[in-house]
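> These are the residues of each chain, in order.
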Amino acid sequence: MKRILDFVGTVSLFSLKVIANAFRVPFEFDQIWTYVDEMGVRSLPLVASSGLALGVVMTLHTRNVLIMFGAGAMSPKLQSLSFFVEIGPLVAALLVAGRVGASIGAVLADMRATEQIDAVEALSMDSFKLLVVPRVVACVLVLPLLTMFMDFCGLIGGYLSEYNLSQLSLRLYSTRAFAGLEWSNFVPPTLKTMVFGFIIGTVSCFFGYTTNEGAEGVGRAATNSVVVSSLLCILADAILVKIIFLMFPESAV
Amino acid sequence: MNEAREFVISLDRVSKSFGNKQVLRDVSFSVAPGEAICVLGRSGTGKSVTLKLMIALLRPDAGHIWIGEADITQLEGKQLSRVRRKMGFLFQGAALFDSLTLHDNLALPLRRLTDKSKREIEQIVDRVLREVRLVDDKHKMPVELSGGMKKRAGLARALVFEPHILLIDEPSSGLDRITASEIDDLLLDQKIRQRTTMVIVTHDVHGARRVGDRFAVLDHGRLVAFGKPQELANDENETVRKLVAEQ
Numbered sequence: 001m002k003r004i005l006d007f008v009g010t011v012s013l014f015s016l017k018v019i020a021n022a023f024r025v026p027f028e029f030d031q032i033w034t035y036v037d038e039m040g041v042r043s044l045p046l047v048a049s050s051g052l053a054l055g056v057v058m059t060l061h062t063r064n065v066l067i068m069f070g071a072g073a074m075s076p077k078l079q080s081l082s083f084f085v086e087i088g089p090l091v092a093a094l095l096v097a098g099r100v101g102a103s104i105g106a107v108l109a110d111m112r113a114t115e116q117i118d119a120v121e122a123l124s125m126d127s128f129k130l131l132v133v134p135r136v137v138a139c140v141l142v143l144p145l146l147t148m149f150m151d152f153c154g155l156i157g158g159y160l161s162e163y164n165l166s167q168l169s170l171r172l173y174s175t176r177a178f179a180g181l182e183w184s185n186f187v188p189p190t191l192k193t194m195v196f197g198f199i200i201g202t203v204s205c206f207f208g209y210t211t212n213e214g215a216e217g218v219g220r221a222a223t224n225s226v227v228v229s230s231l232l233c234i235l236a237d238a239i240l241v242k243i244i245f246l247m248f249p250e251s252a253v
Numbered sequence: 001m002n003e004a005r006e007f008v009i010s011l012d013r014v015s016k017s018f019g020n021k022q023v024l025r026d027v028s029f030s031v032a033p034g035e036a037i038c039v040l041g042r043s044g045t046g047k048s049v050t051l052k053l054m055i056a057l058l059r060p061d062a063g064h065i066w067i068g069e070a071d072i073t074q075l076e077g078k079q080l081s082r083v084r085r086k087m088g089f090l091f092q093g094a095a096l097f098d099s100l101t102l103h104d105n106l107a108l109p110l111r112r113l114t115d116k117s118k119r120e121i122e123q124i125v126d127r128v129l130r131e132v133r134l135v136d137d138k139h140k141m142p143v144e145l146s147g148g149m150k151k152r153a154g155l156a157r158a159l160v161f162e163p164h165i166l167l168i169d170e171p172s173s174g175l176d177r178i179t180a181s182e183i184d185d186l187l188l189d190q191k192i193r194q195r196t197t198m199v200i201v202t203h204d205v206h207g208a209r210r211v212g213d214r215f216a217v218l219d220h221g222r223l224v225a226f227g228k229p230q231e232l233a234n235d236e237n238e239t240v241r242k243l244v245a246e247q
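Top line first, the protein sequences correspond to chains A and B.
All residue numbers for the first sequence refer to the working numbering, where the first residue is 1 and numbers rise by one.
All residue numbers for the second sequence refer to the working numbering, where the first residue is 1 and numbers rise by one.
Keep in mind that the hints were calculated from the coordinates and are not lab data.
Among the hints, a few may not be true.
Rough simulated footprint, nothing fancy, chain A against chain B, three-plus residues with beta-carbon under 8 angstroms [claimed, not checked]:
hint : region
1    : 52-64
2    : 75-85
3    : 92-98
4    : 107-114
A few chain A residues that face chain B, going by a derived Cβ cut-off under 7 angstroms, partial list only [to be verified]:
hint : residue
5    : THR114
6    : GLU115
7    : GLN116
8    : ASP118
9    : ALA119
10   : GLU121
11   : ALA122
12   : LEU123
13   : SER124
14   : MET125
Even for Gly, the Cβ is constructed at its ideal location relative to N, Cα and C.
Use the sequences and the hints to build the structure in full.
Right, dumping it as structure tokens:
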């Protein structure tokens, strides 16, 4: 128990340090842009293929049930609502935790093991500001964008599946998908992924930056980054959904 | 304290432990301007730790380390950064940033910490790389460099701010005799031409005798001998005699 509390305390302090440094000059725009490209653009194929596949599968699963209850026409709306509210944000976060979190943890742990982080400090540069803060900021910026892309691909997948089964036109599919949808069904769930991005970035950087176990620590940092950040994203999701319902009661459909 | 200030580097009763293991015990010695001190000792006796304490990559449990007039053990943030700018550090594995080219490894600190123009930075990088004979390799990634080239590149990066003090961790480890000798030549050149104060951690007595003015011998975390190589050759401590003897 003491170890868990120690861990929570240390990660919390690390997170506060990230926030404090994110608002301190220099703002490291070049570094942030590099990581946005590395984390965001290079995650697009994974997010796109996952979104498409999930969209197809979800329609296949839900369509028959909806038809059984005489609500077959609701399939596009169920698809859009599911993706906007939950599937898009959470699956995008878990994919990024797997791809980006592991990479951040491994890279920083390797830099620690090969004394590159010490070298940054020895050259009078602030290693935390240079290596940690831009990565976390990039994660925060990238996740909402990837989530929107995931939502879009999920709807495309859903449409392809629906078209294959019923030859529904794209126009009718999109009309049904967006009918009665509120901005509060889309904007708050998409923005909540910034919290997921912060969690993934901070936790992964924490494991990578603070490791002190040489080469062995590299693998451990990568694994811990994925496991802990995925778990925390799921826990945070439960809390954030409740907060969104309190702030936007109309979104609680 | 006044005595300490006559030296460029001065360690005053420095101790350091990692968990239950005490690595350094009450280590004190001083380095005069332009002097090269070689720290010798068996593996695990705290040589690299001593070097990292001097640039505040580690903090001592007790004691003080004076860099010029500043007690580096008490410094943080910008004050620490200002003192570190006077120092260069060559890491054992060179510690080049492996996502950057050799050129960018040297240019990065100049870009971030000085207001020099792009052209001035290019000139500095080219000049330093020419000194270590790597100017033709400046667009290579660290992974493309041999062990000796990495060491020279690490030295070039350590020299990029024209430091008064150079801390060098195992300059010849993993290198053949000829390549190690080339690194020693570069250090000797730096010492004679720039009068750079050096602390060199090494196992290579041959190189240490070429570059070093005095030797500090550590054993089990204690400083057991400190003096000129010829004085230490007849030291009463057998470990000292063995370590200092020409191989």
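> A separate judgement is required for each hint: does it hold in the structure or not?
Each hint tested on the structure:
For the region 52-64 of chain B, the assignment as covered by chain A holds, since 3 residues bring a beta-carbon within under 8 angstroms of that chain's beta-carbons and 3 suffice. A count of 4 residues in the region 75-85 of chain B with a Cβ less than 8 angstroms from any Cβ of chain A is obtained; the coverage claim is therefore met, three being the minimum. With 6 residues having a Cβ less than 8 angstroms from any Cβ of chain A, the region 92-98 of chain B passes the three-residue criterion, so the hint holds. Only when three residues or more bring their CB closer than 8 angstroms to a CB of chain A does the claim for the region 107-114 of chain B stand; here the count is 4, and the claim holds.
Given the 7 angstroms rule on beta carbons, the hint for A/THR114 holds: about 6 angstroms separates it from the nearest Cβ of chain B. Taking 7 angstroms as the C-beta contact cut-off toward chain B, the hint placing A/GLU115 at the interface holds, the least distance being around 4 angstroms. A distance limit of 7 angstroms between C-beta atoms decides the matter here; for A/GLN116 the minimum to chain B is near 5 angstroms, and the interface restraint holds. About 5 angstroms separates the beta-carbon of A/ASP118 from the nearest beta-carbon of chain B, less than 7 angstroms, and the hint is met.
Below 7 angstroms, beta-carbon pairs count as interface contacts, and A/ALA119 has one with chain B at about 4 angstroms; its hint therefore holds. Hint on A/GLU121 holds. Least Cβ distance to chain B is approximately 6 angstroms, under the 7 angstroms limit. A least Cβ separation of about 4 angstroms between A/ALA122 and chain B falls short of the 7 angstroms threshold, and the interface hint therefore holds. Given the 7 angstroms rule on beta carbons, the hint for A/LEU123 holds: about 4 angstroms separates it from the nearest Cβ of chain B.
Because the closest C-beta pair between A/SER124 and chain B is about 4 angstroms apart, less than 7 angstroms, the hint holds. Interface hint at A/MET125: satisfied, since its Cβ lies 6 angstroms from the closest Cβ of chain B, which is below the 7 angstroms cut-off.
Of the numbered hints given earlier, the model fails none.
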